[in-house]
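Novice: Spelled out from the first residue to the last, the chains are:
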Amino acid sequence: MDYEWKNVGPLAAIPRQGARRLCFGQGGRPIAVFRTADDELFALIDECPHRQGPLSEGIIAGKTVTCPLHSWVIDLADGEAQSPDKGSTASLPVKLVNGEVFVGLAAKVAV
Amino acid sequence: MNMISDPRLHLVVIGNGMAGMRTVEELLKRDGGRYRVTVFGAEPHVNYNRIMLSSVLAGDKTLDEIVINPQSWYDENGVTLISGDPVKSIDRDARTVTSVKGVIVHYDRLLIATGSKPLAPPLPGITLPGVCAFRDIADVDKMLEAARNHKRAVVIGGGLLGLEAAWGLKQRGMAVALVHLMPTLMERQLDVAAGQLLQRDLDKRGISFFTDGQTEEITGTERVESVRLADGRVIPTDLVVLAIGIRPNVDLARAAGLAVNRGIQVGDDMRTSDHDIFSVGECVEHNGQVFGLVAPLWDQAKVCASQLAGDGAAAFASKALATSLKITGVDVFSAGALMAADESDDEITLRDDRRGMYKKLVLRDGKLVGAVLYGDVADGQWYLQLMREKTDVSALRDRLAFGRAFADATGAAAKGPDVAAMADDTQICGCNGVCKGAIVGAIKEKGLTSLAEVRKHTKASASCGQCTGLVEAILAHTTGVTVEKKLAALCECTTAGQDEIRKAIMADGLKSMAAIRRAFAWAKPEGCHKCRPALNYYLLCAWPGEYRDDAASRFVNERLHANIQKDGTYSVVPRMWGGVTTPAELHAIASVAEKFAIPTVKVTGGQRIDLLGVKKEDLPAVWGDLNKAGLVSGHAYAKGLRTVKTCVGSEWCRFGTQDSTGLGIKLEKMCWGSWTPHKVKFAVSGCPRNCAEATIKDMGVVCVEAGYDILVGGNGGIDVRVTDPLVRVTSEDDVLEYAGAFMQLYREEAHYLERSAPWIARVGIAYVKQRLVEDVAGREALCARFLYSQKFAQSDPWAERAEGAKALEFARLPEMADA
Ligand code: SRM
Ligand SMILES: Cc1cc2nc3c(=O)[nH]c(=O)nc-3n(C[C@H](O)[C@H](O)[C@H](O)COP(=O)(O)OP(=O)(O)OC[C@H]3O[C@@H](n4cnc5c(N)ncnc54)[C@H](O)[C@@H]3O)c2cc1C
Ligand code: SF4
Ligand code: FES
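Respectively, the protein sequence lines represent chains A and B.
Those letters in the first sequence? Residues 1 to 111, per my numbering, in order.
Those letters in the second sequence? Residues 112 to 930, per my numbering, in order.
Among the hints, erroneous ones may be present.
[Said to hold, decoys possible] Not everything, but these chain A residues come out facing chain B in the computed CB check (under 8 Å):
1. 6
2. 8
3. 11
4. 20
5. 23
6. 27
7. 28
8. 29
9. 68
10. 69
11. 81
[Stated by the list, open to error] Rough simulated footprint, nothing fancy, chain A against chain B, three-plus residues with beta-carbon under 8 Å:
12. 172–186
13. 754–765
14. 884–896
15. 911–925
Rather than coming from a laboratory, the hints here were simulated on the basis of the structure.
None of these values were measured; they are calculated from a predicted model.
Cβ atoms here follow ideal geometry from the backbone N, Cα and C, with glycine treated the same way.
Given only the sequences and the hints, what does the whole structure look like? Please build it.
Specialist: Written out as C-alpha cells, the structure is:
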C-alpha cells in the first residue's frame, strides 16, 4: 500500500514511555505516536476501543498502553485490547529517519 | 448450491433475539457438531440484551455494552447470521424459508423465535411521526432523537415497560407525563398500596401521572402535538411512547399452518405441531400460558437445545415468576398472588412510611403463594424460592415478613444477606435461574476471580443485573482466602507483598524502581501499570528530596495536575483554603471561565469550585491566570491532601466553641502538596453538631469547650466508615502535631491505594493509638519526618507549568514543513 509519510518532528519530542498526539488526524480521528522504554515507536488512532479514551495519556509498559479512563490494556503493535476486553483501534505505520519521526497516512483514506 | 458435502443437519432460526440465540448457545454447549446453523434476524444488529434497552434509554449503558454476542461469536461458532432481512414465509412441504430480500434456505430443523409485537390500538393519529413503541433499538433511537430535539413526552401505559420508558426519558431531560388506564400503576404485579407508593415516589421525581386515563386521540399535523383523553383532558407533547402491552408474534407460524392460539402452541418438548419445527420465547404458548419475562425463556432454551441434541426426555415446566423494576432507587418486587383470594387465605403486611417500605405476603394452607415488596426487596428471591418449593412456612410465620436473616437467625437480624448461611439451592439470579451452589461450584472448579468471569461462566447477573451485589458477595465469600493472597502481592509482576517491598527499600537502600525489580526478580522488566505508580510512591516517601519522580509512572491526572474527564478534557480545581474565598478570587475564577469558554463551573462536594471541560492545550494558561489571583492547585487529582472542610465555628456561630475555620486553614497549609498512598481529606467542626462532617474524614477534629477531639479513619465513599476517636487535646499546636504524625504514619505504612479507613480497619485503632498517643517520642519523630518531606513537596505544580515547565507535554506534535 502507498503511504503519505508525514514528518512530525524529532524523536526527542516524545518522552520515553510516553506519547504525543498529532496536530492532524486521519479520517477526522486523532492520531498518537508512542515511544517505549527501548525507543520503539508506534502510532495508533488515539481512541480507546472501549469508549474513545485518549490512549496517548495512558501508562506505557512494554509494548502496551493502559487507557486512562477505565484501564483497558491496549497492544501498541496492533491496537488490540488485551483479554478479557475485546476491541481494537487502528494502527498506523511509523518510521525513524535520521532521528526524525515519520507517520504514514493511508493515501486512500481507509477507515 | 452444493450442500451435499456437509453431513450436518441444517438448523434455521427465525429471530435473532434473546430466546433464539440462547437456544443456539445452549445447543453449542451440548452438541456443537451436529448442526450447521443459520439465523435470520429482522433487526440490523447482532444479538443484544433487550432488557437493558431501559438502561440505554436512561443513559446508564451504551448500546455496545448491551451486546450479548458480537459478530465474532457468530464467526467463531460457524453460525451464519443474515440480519436486517426478515423471513416472510415458511414452506413446510419443501422445508424452506424465504426472506423478504428473496433468500431461500432449506432446513432440516426450524426454530421460530420471533418474540412479540407491541400492541398498537387503532387510535386516530397513531401513525404520526413522533409516535413509537418501546421494543427495540430503533425505538430507543427514536426516543433519544426526540429527547435531543424536543421537550415533552407522553408515555401511554403504566406497566413495567411504560414506567421504565418514562423514567429513561425523564433522565434524558424531557418533561414526562404518563397516562394509565387503571387507577393504580402496574396493577397486574402490585397491589393497590404498593402501586400508590410507586406513584408517589415517581411523582416526587417529577413524572406527572394521568391515571384512569383512556387515550382517545393523538393529534398533530406534521408531528404529534397532543394526546387527548376520553374525559376531555389534553396533554401537549412532542413524543408519544406506546407501552400498553405485547402480543406474541405468530404471523409466520399461522401462515405456515402450525397450531396457533394466542401464541404458537408448543408441547413440553418445545415442538410445535410440526415435529421438525420448534419454537421458544415470547411467541409461544405453553399449556395456555404466554410469556413476557426472560426467566422462563432460558428454561425453554435449555429444553429446546437438549431436544435438538437428541435428549428426548428434556421437558419444560413453567415456574412461579417474579417481576422487578429497573429504575435506579426504586425497588419493587412481585411474585405470585397479590392478595388473599378468600377468607381462608392469610395476608401479612408490614409498612413503614418513613422508610418508604412496604411488604405484603400471602399465605395459603401454611405455604407462601404471593409476595409484593416495595422499598426493601432484599428478600425477594428467598420468598420466590419458598413459593416454588412450596415450603411449609407455618413455623416461620411470625418472623417471615422481617426477611430471611431474621427468620433464620431467630435472634437479632443480621445486616444484609448472609451468603455464608445461604443454602446452596438459594436462587440468586432470577433471570437466569442460577442458584448459589452453581455459582460457588463454577468459581471453585474454574478458579474464577472476577464478576465478569462469573457472568461468563454461569450467566448469573448477566441479564437485568439486579443481583450483581449478591453475586459479588458470593465471589468474595468463596474466594476469600485466595483473593486476600492475591491482594497481598503488589501485582502480577511479583509474588512479593507490599510490606516486604517497603521494608527492603529502607533496609537495603533501594533507590530506584529498577533496583527494586532486580531485588525481587520481577516477571516483567518494565513492570506494569499497577506496580509502577506504587513503586514510584514508595520511593518518593522513602527518599524525600533524593528520589526523582517518574512522570511516566504516574496516572494521567497526577502527571498533568488536572482530572481527565470522559471526553478527554480536564477539570481544574483551585485550592480554597478551609472553604473560605474572597471576592477577588471569585472574580478571577469568573474571568478565567469566560476567557477560556469553560463549559461548567460547579461547586464541589468539598467546598470549592470546579472548572470542568478545560482543553488540555489551555491548561497552562488557565493556571497562569488563576495564579495571578493567588489561587494554586487544589490537588483534586492527587493521591494527597484534598480538602479540609470546615464550618464557620466560634467566629460567627452561636454554638461554636473554637475557631474551626482558622484551624482548618492551618491544617491545610501544613499538609497540602504531600504525596500519600491514597487521597486524604480532613474536616474541622466547631462543636459536636459537626456541620463539617468530621466523623467521615480521614482525620476529623471536633471542637469542644475543653479542647479538640481528634478522630481518624473515617470515609464517606464507597464503604462508609465512621472515624475512631484517637485522642482529646487542648491546643491547636497539639492538633497540628498529631496531624503531621498521622499523615506520616499513614504515608509510611499503608499500602498504595489504601485509604486510611481500610488501613486502620486492617491494623486496628489500638495500634495507631500506641504509635501516635502512647509513644510520645515516636509521634514527634513522625511529625518531624513529615515536615521534612514537605520541604520538597510544597511547590505549586501549576505555577511551574504556567511558567513553561514541561510545555511540550501540553502541545500537540506539529507537522514539519519539509515532509
Ligand atoms: C468534583 C467532586 C464531585 C463534585 O462535583 O462535588 C468529585 C469528583 C470525583 N471524585 Fe469524588 N469528588 C468529590 C467529592 C467526593 C466526596 C465528598 C467529600 O470529599 O466531602 C467523596 C466521599 C468522601 C470520601 O472520600 O470519603 C468522594 C468519594 C470519591 C471516591 C470514593 C473514595 C473511597 O475511598 O471510597 C472516588 C474513587 C476513588 O478515589 O478511587 C472518587 C473519585 C472522584 C473522581 C476523581 C473520579 C475520577 O477518577 O475521575 C471525580 C473527579 C471529577 C473531576 O474531574 O473533578 N470520589 N468524592 C468532588 C470534589 C471535591 C473537591 O473539592 O476536591
Ligand atoms: C424495554 C424492555 C425492558 C424489559 N425488561 C425486562 C426485565 O427487566 N425482565 C425481564 O425478564 N424481561 C424484560 N423484558 C422482556 C424481554 O426482553 C423479553 O421477554 C425477551 O426479549 C423475549 O425474547 P424473545 O427472543 O422471545 O423475543 P425478542 O428478544 O424480541 O427476539 C425476537 C427477535 O425476532 C425478530 N423477528 C421477528 N420476526 C422476524 C422474522 N419474520 N424474521 C426474522 N426475525 C424476526 C425480532 O426482530 C427480534 O429481534 C423487557 C423488554 C423490553 C422491550
Ligand atoms: S460520584 Fe464522584 S466519581 Fe461518581 S460520577 Fe459523581 S463525581 Fe464522578
Ligand atoms: S475508554 Fe478506554 S478503557 Fe474505557
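Novice: Work down the list of hints and note, for each, if the structure agrees.
Specialist: Quick rundown of the hints versus the structure:
no.: 1; hint: 6; result: 5 Å, holds
no.: 2; hint: 8; result: 5 Å, holds
no.: 3; hint: 11; result: 11 Å, violated
no.: 4; hint: 20; result: 4 Å, holds
no.: 5; hint: 23; result: 4 Å, holds
no.: 6; hint: 27; result: 17 Å, violated
no.: 7; hint: 28; result: 15 Å, violated
no.: 8; hint: 29; result: 12 Å, violated
no.: 9; hint: 68; result: 4 Å, holds
no.: 10; hint: 69; result: 7 Å, holds
no.: 11; hint: 81; result: 12 Å, violated
no.: 12; hint: 172–186; result: holds (count 3)
no.: 13; hint: 754–765; result: violated (count 0)
no.: 14; hint: 884–896; result: violated (count 0)
no.: 15; hint: 911–925; result: holds (count 5)
Going through the hint list in order, the structure does not satisfy hints 3, 6, 7, 8, 11, 13 and 14.
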